[in-house]
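J.: With the hints as extra help, turn the sequences into a complete structure.
Protein chains in written order, with numbering that gives the first Met the number 0: chain A, 0 to 607; chain B, 0 to 607.
FYI, nobody ran anything at the bench for these hints, they're computed from the structure. Any given hint could be a false lead.
Unchecked claim - Below, in silico cross-link-like pairs of lysine-lysine (DSS-like), each with a Cα-Cα straight-line distance of 25 angstroms or less:
1. B:Lys603 x A:Lys569
2. A:Lys263 x A:Lys165
3. A:Lys542 x B:Lys569
Number of protein chains: 2
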Amino acid sequence: MIDENIIECLENVANILRLHSIRPTTKAKSGHPTSCLSSAEIVATLFFNVMNVDPKHIDYLDNDEFILSKGHAAPVLYAALAEIGVFPREKLMTLRQFDSELEGHPVPRVKGIRVATGSLGQGLSIGLGMAYAKRLLGINRRVYVLLGDGEVAEGSVWEAINLAGKLKVSNLIAILDMNRLGQSEPTMFQWDGEAYARRVEAFGWNTTICNGHDVKDLLRAFEEARKSDKPFFIIAKTTKGKGISFLENIEGRHGTALSEEELKRAESEILPKIKEIKFQPSNFIEAKISIEPRKKYSIKTDYKIGDMIATREAFGRALVKLGEQNERMVVLDGDVKNSTFTIYFFNKFPERSLQCYIAEQNMVGVAVGLQSQGFDVFLSSFACFLSRAYDQIRMASYSRANLKIAGSHAGVSIGEDGPSQMGLEDLALFRAVFGSIVLYPCDAVSAEKLTCAMANYEGISYIRTTRPKTPVIYSNDEEFHVGGSKALRCSANDEVTVVAAGVTVHEALKAYEKLKADGINIRVIDCYSVKPLDAETLIKASKETKHIITVEDHYPEGGLGEAVASLGLKPHILAVRKMPHSGKPEELLAEQGIDAGGIVRKVKELIL
Amino acid sequence: MIDENIIECLENVANILRLHSIRPTTKAKSGHPTSCLSSAEIVATLFFNVMNVDPKHIDYLDNDEFILSKGHAAPVLYAALAEIGVFPREKLMTLRQFDSELEGHPVPRVKGIRVATGSLGQGLSIGLGMAYAKRLLGINRRVYVLLGDGEVAEGSVWEAINLAGKLKVSNLIAILDMNRLGQSEPTMFQWDGEAYARRVEAFGWNTTICNGHDVKDLLRAFEEARKSDKPFFIIAKTTKGKGISFLENIEGRHGTALSEEELKRAESEILPKIKEIKFQPSNFIEAKISIEPRKKYSIKTDYKIGDMIATREAFGRALVKLGEQNERMVVLDGDVKNSTFTIYFFNKFPERSLQCYIAEQNMVGVAVGLQSQGFDVFLSSFACFLSRAYDQIRMASYSRANLKIAGSHAGVSIGEDGPSQMGLEDLALFRAVFGSIVLYPCDAVSAEKLTCAMANYEGISYIRTTRPKTPVIYSNDEEFHVGGSKALRCSANDEVTVVAAGVTVHEALKAYEKLKADGINIRVIDCYSVKPLDAETLIKASKETKHIITVEDHYPEGGLGEAVASLGLKPHILAVRKMPHSGKPEELLAEQGIDAGGIVRKVKELIL
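T.: In structure tokens:
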């Protein structure tokens, strides 16, 4: 039996949330109040009855979690957080202001919010990652994800639904705010709740349809969800703009605030419904499990100079060494673990490995969820296929996420498989992620040590690995750090500096020998840290030699050459400029002029 | 009744295709023969019985179409094309060689192949676009898409399934080669055909499960497909490595060719099954409808200097003008048409507009399919959300596609909505697409004319538009071209050149006035063509002024500044370097130092 008094209290809270949604958006003159209004009862019921939350320790792991996947309804979430006491109500009116953390869409600057949302269709993957994390941690808590009906068209949502169904992640609960209206027109299925239920059930979830404005019916749905042995999907039929007569179910009011005059009319409808009720929610808990601070890790290698080993394989070996030191390390892969060599970790630590199948968007979302619960997450695929998840990676930077991403099969050096499998834009993409670091080792020693540097980095780190085997050139005691480089050949007589990374380092070293035979000295720099660059070494080289050449197995735009150019140097950029295609790696490197021969030609062209 | 003779003939063809799949891969020492072997009967049945094809005019529009979404099975497709006579069989043995167009994964260099595949999960969206195109053209033909079972985990597949179901595109037929094994382990559902059928049916398709090695059963399935009033999904249970005893249903043989010794054993199993049969396929047709060459379009504008209008809105107006001239122009949007202003085209030409809902990956795939049938396709979303489809856009460049892409809401100048909605990496992303052009207008006149330039460009073009209104600064007779720029302020006494684009052009003009009041002359260049750059004008400016400053509402990596730096100039790059957040546009531009004040400060720092 549900206490009628509780229902009245929750209805009251819902109307308070409505008020807190329309007032700040009107003050800000922008925002999405109608999308808040449709969710008011759902959010009120969750925060004041259903979710186990400790408002004083909302960041602790033994809270239930809430993700607002429909991030544009941020005001209703801010309102709920204020109402449960996470921060003062007065702050709500600072919404969208320059100096307020209550931004237009949620970001983790706000206490009680773990991840950024606002690019639609990403919340469920993150929720899956969080729910899976709680399972790994043995914490018996649930994750609630509030979805908009428009965003369910995103394939990433179905990737999450698919994997959650397969893994039977029963502590994951999605609530669909089925308010019928998208931004520009009605959604695909409008109020056809069965259309959603049919789809989601086919993917191995339990579902129910309820009236999203009927608190009693919502409580019934959440009770069913708690009993489910599968992930659970609540389809809540709602009305966009609910509670304000002149906004209810109206098209064309998606992203507009109420005018001052409209606000007055709206208040005159809502205020009379709000009562002064003493309400002691029964869902507040005392949370106890905080996230432990991260430790520092180290790696020792045992290679001989000249050993032939691919950097992707060395990366895989490093993962195992790190996993031995770090029980909170998790590795994800998208059905290429035998190519990216995460398979070593999968074999050694199956309980901390997650096969995400060929669904990179969801893989990144799951990783964001896992890291939000204190895990150190590496994820891996072919460099080119990571581009599939770029929007998720971009958003992860706004989540202030700690993500370690490895992209294998970089460049034309993969050879016969052809351009569909070649990462030729990944340096540009990952350099443009806010706060990222981009590492690109050329041999096994540097690959292992840079993998360790990623483990120790807080933020988004990317390592680019190569398919073919390359010789070990570094001794095992060599150290590598973020923002470093190695001057592999350096003399007072160097005429030209060649800045290389990854596979082209070996081409530059070959070019060095050829040119030396002709009496020409070049400086060779292994620029293994593409972001940040070792500016000091590069500027010094530009002063000490007549020319700088950069050489990269990547398109010229946004890659190593432009990075070096952005320092104010004037590099001659050797890069992939012809349409890539299949062939032997050495043929393709030669065709693009980024092999030893191409470097020799360019050096001679510059100085002879 | 199905003729037993036909069945024997098709089985025979299947074994010939097997032979043509294993021999070239062994010669190339790489490839995915086992993935070809599982599809042999499906491909044989399609090309020699089911599909209406004209081998002599395979590029004509009134052929049925075939898309190999599981692109790694390229050899079996090449084999089929050779066997129906599109090119000589001898060419098959050039597979994966440097100078052969028979690349590791399909590209349209090969006659009979319209689009590149190989990044999994993209073929069905393209097929949907092609099928929709045939419907628009009134051509009663079907599109067959062969999917791998691993790739069905990709959300993009479900975006395509969803939209095709909604639109009831009944001339779209998908065939799932359910061979149970992914690259690194078994697929999610292995041979559980019902798992796929349940899911796909829930999305509004008809389905059947068949034995993918039983030609009779396949023919039955295709017959059902032809009768369906909905898109049709055939789940073909197959065996990876089928036909070669030691490869059948074996893990760990995804991406490896047979050794010479294995090839001999394999041939000894397959050759005895191949008979010399005279076979006159009944599905060959005489196609008649070729793709018409594209025309050139022009635009006239009617603005007054100083009119306040957002470039996104001018883009929308230009679409209508182009649509009036071009009956083959189609516009797609992802539920933001009222923000990107494609709504003008949608309202004027509803029959040539397609609402793709919030599913950007599928939108790009559909566009690739449409343009392959001769349509001129514009597609639009917020710049940041286009990053969702980057893998599709990357692949479109290998499809040699003609795509016109518009990204609105560029930069921090969008203001209060915050970083989730800000395009801050789009210049980097689109510059790194092979063969692309990147345009960035600052006012309505240039926005319209550059939209026209896109219409006339063959390849992938991108236009970046701005949310806030900006004043018209160009007269209506001004011309704009790919690779051009405008020196808006230019004198013999310029001390510094400021290179701007989009919203920062107006800041640079304001800075000009402020500096002029202090007796400092700057040159202001509107660099509206970010790729290719107007190198001549920029280099001239670098010679005539002491310093170059670039200023962009974009992250520094891969943007305007690095593009200018790549010319060998040494720009001081003003860009978005602090974590972006909500606020008023002018506050945010100022915080990032990319407003007039920031430009003035930088100029003075350099010369005083």
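J.: Could you tell me which of the numbered hints above are not met by this structure, giving the numbers in increasing order?
T.: 2
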